[in-house]
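Protein chains in written order, with numbering that gives the first Met the number 0: chain A, 0 to 213; chain B, 0 to 176.
The set of hints was computed from the structure by calculation and includes no laboratory data. Cβ coordinates follow ideal geometry from the N, Cα and C atoms, glycine included. The reader is advised that the hints may include incorrect statements.
Stated by the list, open to error - In the DMTMM-like style, the derived pairs of lysine to aspartate or glutamate whose C-alpha atoms are separated by at most 20 Å in a straight line are:
1) B:K160 / A:D12
2) B:K160 / A:E51
3) B:K160 / A:E16
4) B:K49 / A:E51
5) B:K105 / A:E73
6) B:K105 / A:D57
7) B:K49 / B:D7
8) B:K49 / A:D74
Said to hold, decoys possible - Computed far set for chain A versus chain B, every beta-carbon distance over 12 Å:
9) G8
10) D9
11) R27
12) D34
13) A41
14) S69
15) E73
16) A79
If you want the building blocks of each chain, they are given just below.
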Amino acid sequence: MSAGRRPTGDELDRLREILDAYGGDPLRWPESERDAALASIARSGDARRLHEAALHLDAALDALPVVGPSPGLEDRIVAAALADGARAPRTATVHPIDAARSARRAAGRWRSGILVGALPLAAAAALAVWLYAERAPEPGRGSEVVYQEIALADLGVYETPGDELLEVSVLDDVYDTDPWNGCADGDLGCLQVETLPLEPLSREDEAQEVRFLS
Amino acid sequence: MAAVAHDDGDAFRALSRRYLARIVALGSRTLGDPVEAEDVAQEAFLRLWKQAPSWRPNEARVGTWLHRVALNLCFDKLARRREEIGSEQPEAADPGPGPAGTAQEKQMTDCVRTALGGLPDAQRSAITLCHYQGMRNIEAAEVMGVSIEALESLLARGRRKLREELRALAPELLGAA
């Protein structure tokens, strides 16, 4: 706008829109339109009246006091976050070889029940992952994997004998070297497994293992 | 966020300290209830804690992300309220005029609270984000998941409605003699 020129009808219309939307504080206006809007106000009585009305509404809005957090809220939030189970693990560290060893020690009596116990639980786990993913709100982008991980964590700690079967159902020798049968894709919901080196068996364990395998 | 992702409680506390007041204020102005606002804030921060290990720094800023989550939680609460009490507008909890408040100030704040509470959720949220939270239009639009033009429209309609309401309730607030 040239110096001294009154704002056009279009410029006044746009100023009205800016004031209607963002109020009277120029710092809240779109930066690219700020100078032109200020120039309109400087050169037009109508524009100044619009601006004053917007400032009055701003002042009325500012009459509402700010409500701050109550004392202790920050502590409660931090404590809740740090509490066990608040965060889903990114990766699950398991010890397949050790698990296999300990399971072999106690095996035999329930080996035939593995599939009976494992299949319904695996189905329940898959259903839980699906349900969780379906109902999860959208907190941000790229959160699907996180929600699947949370869902897996929400399945809880296996404490019943039947649940224990899931953990040790990977006892066949093939799983000693490939515990998750090739599934290490987090996007598919598979846990990433850190395989630890095989520790040497004690003489007693070795004798027990030989007895079991023979 | 990198430290928070590695279970650093001090870093999480620092993050909470930085944003908690703003998130509580957002919840309080959106819900009109400081107690529910704290519930929303707590849930939003816990989600941030859970999300931290998978945080992708180039996709969202922490403040924007928290506002978006908190606003969605507020909308959930408002929807549940409406389900519980039908279409009747709930009466906002009164946090009081503050320690230095007078009866006249309380009356004024009541008018503003009533006028704000009478706005549709989206218009009230747009005003809350831009006026009270001091967000730029691009950031507020991102939080609400709308275009800048849509945000501007929500703001303008909301403020016009507020002006009409306040003109009826308390014209002195708008500078009327």
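Going through the hints against the structure:
1. B:K160 / A:D12: holds, 19 Å
2. B:K160 / A:E51: OK: K160 (chain B) and E51 (chain A) at ~17 Å, within 20 Å.
3. B:K160 / A:E16: Satisfied, since the Cα-Cα distance of roughly 14 Å is no more than 20 Å.
4. B:K49 / A:E51: The given pair, whose Cα atoms are some 47 Å apart, is violated under the 20 Å limit.
5. B:K105 / A:E73: At roughly 29 Å apart (the allowed maximum being 20 Å), E73 (chain A) and K105 (chain B) break the hint.
6. B:K105 / A:D57: The given pair, whose Cα atoms are some 17 Å apart, holds under the 20 Å limit.
7. B:K49 / B:D7: Roughly 13 Å separates the two Cα atoms, so the pair holds.
8. B:K49 / A:D74: holds, 17 Å
9. G8: holds, 18 Å
10. D9: The claim stands: D9 (chain A) keeps its Cβ more than 12 Å from every Cβ of chain B (closest is about 17 Å).
11. R27: violated, 7 Å
12. D34: Answer for D34 (chain A): holds, closest chain B Cβ roughly 17 Å.
13. A41: holds, 21 Å
14. S69: violated, 6 Å
15. E73: violated, 5 Å
16. A79: Given a closest Cβ separation of 6 Å, the condition is violated.
Against the hints set out earlier in the document, violations occur for numbers 4, 5, 11, 14, 15 and 16.
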